[in-house]
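Novice: In case you want the letters, here they are:
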Amino acid sequence: MPIPLMGKVLLGMTVATAVVMKDGMIEVNVQEKHEGGSHVHLFLPATVATWGVQLAPEARLKEHLRHQRENLAIARVALREMEKLPDAVLVEVESPKEHVHVAIQGGNFVVDVDDPGDTVHVRIPIRAARKVVQDLEGESPPET
Amino acid sequence: MPGSQTKRTVIIAALALLATALLLAVLLRAAPIAQAAGQTAAKTEAPASAERWLHVSVNCKNEDGERVRVNVPISLARVVLGSIQKGKLNHGVIHIDNAHVDDIDIRAILKAVKTSQDGEYVTVEGRDANVQVRKQGGMLLIHVVDKSGKHIHIDKAKPASQENVDVRVPLEVADALFSGAADELNVSAALDVLARHDQLELVSVQDSENTVRIWMDTKTTQD
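Note that the protein sequences, when read in sequence, are chains A and B. 152 is the number that our numbering gives to position 79 of the first sequence; each next residue is one higher, with no gaps. 610 is the number that our numbering gives to position 86 of the second sequence; each next residue is one higher, with no gaps.
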């Protein structure tokens, strides 16, 4: 029967979409201002980043993280605290030539830079970033 | 029964369709709504919260006219400081073994100041600078007028003007800062005590080119 099959497909799609989207979206937008400058615009589910840690080659990951355990712990603590914060502008630098804006917006860590060379916009869900850092911390070997 | 099974299947399919439509609607609308919310929040007055925020504002009046605004929640600063164990910083405590504090008993001075009456304690009037230290209502107030012209002076074409520095420290914060061992500054404890205040003007530096202001309150922005 077509209806039950369609129902199952839609239900599966709903669950899959919910799983993929539950951590929010990462957005990276870089526009070089010079003539012929490149424009990179990424918009991907944050869950992909959390999966990335699991998919990375374990030995190489451990090697890279060997001396980062302490920094990762600091980042995890900072991100956990940032998750609790309301929307706010953390840093703002304004001059005639450049503009830097670091803020928390709707649970996202948002960085905007506009200088004579580039325009950069990065939006990362704080919860997903914390998960990634937490996973990386779990993978990092204790310093000997 | 085949009839009721078909009915149930139709209901499941309808529910799944509805859920998908809802999810897609939410996802499609989430980004612009979040963006709009951010813009609205920026335009309206900052909401007050129980969280205490430390604000730093720097305005340069030179040709670049740079403006810097930093807003840091004290809880975040405290937690991050508390998690760092590197060099001289150990879980919110700074070791000051290189500082020449052997000859001065800062704790004894603080204790004496705390138990003393309000008033002006130190007045130095020199050719290069005037310094004033006084106690007023549980606050230690330091006022320095630097006339030397040795402070940060960007526009070399103009003569250096005098610089006014005002520092206001609650005595209990200073107390907490020196609550550890003789060669330690307990920054975490000082931040804890600082966070008990609702609003506090801490540092103000002003000269002809720059204005620096550090204060804390319950607002998330500086407006």
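No lab work stands behind these hints, which were simulated from the structure alone. Check before you lean on any hint, since a few could be wrong.
As the list claims (entries may be wrong) - Within a straight-line C-alpha distance of at most 27 Å, the following computed DSS-like cross-link-like pairs (lysine-lysine) qualify: (1) A:K135 - A:K204; (2) B:K610 - B:K743; (3) B:K585 - A:K170; (4) B:K610 - A:K157; (5) B:K610 - A:K135.
Novice: Give me the numbers of the hints this structure contradicts, sorted from smallest to largest.
Specialist: Result: hint 2 breaks, nothing else.
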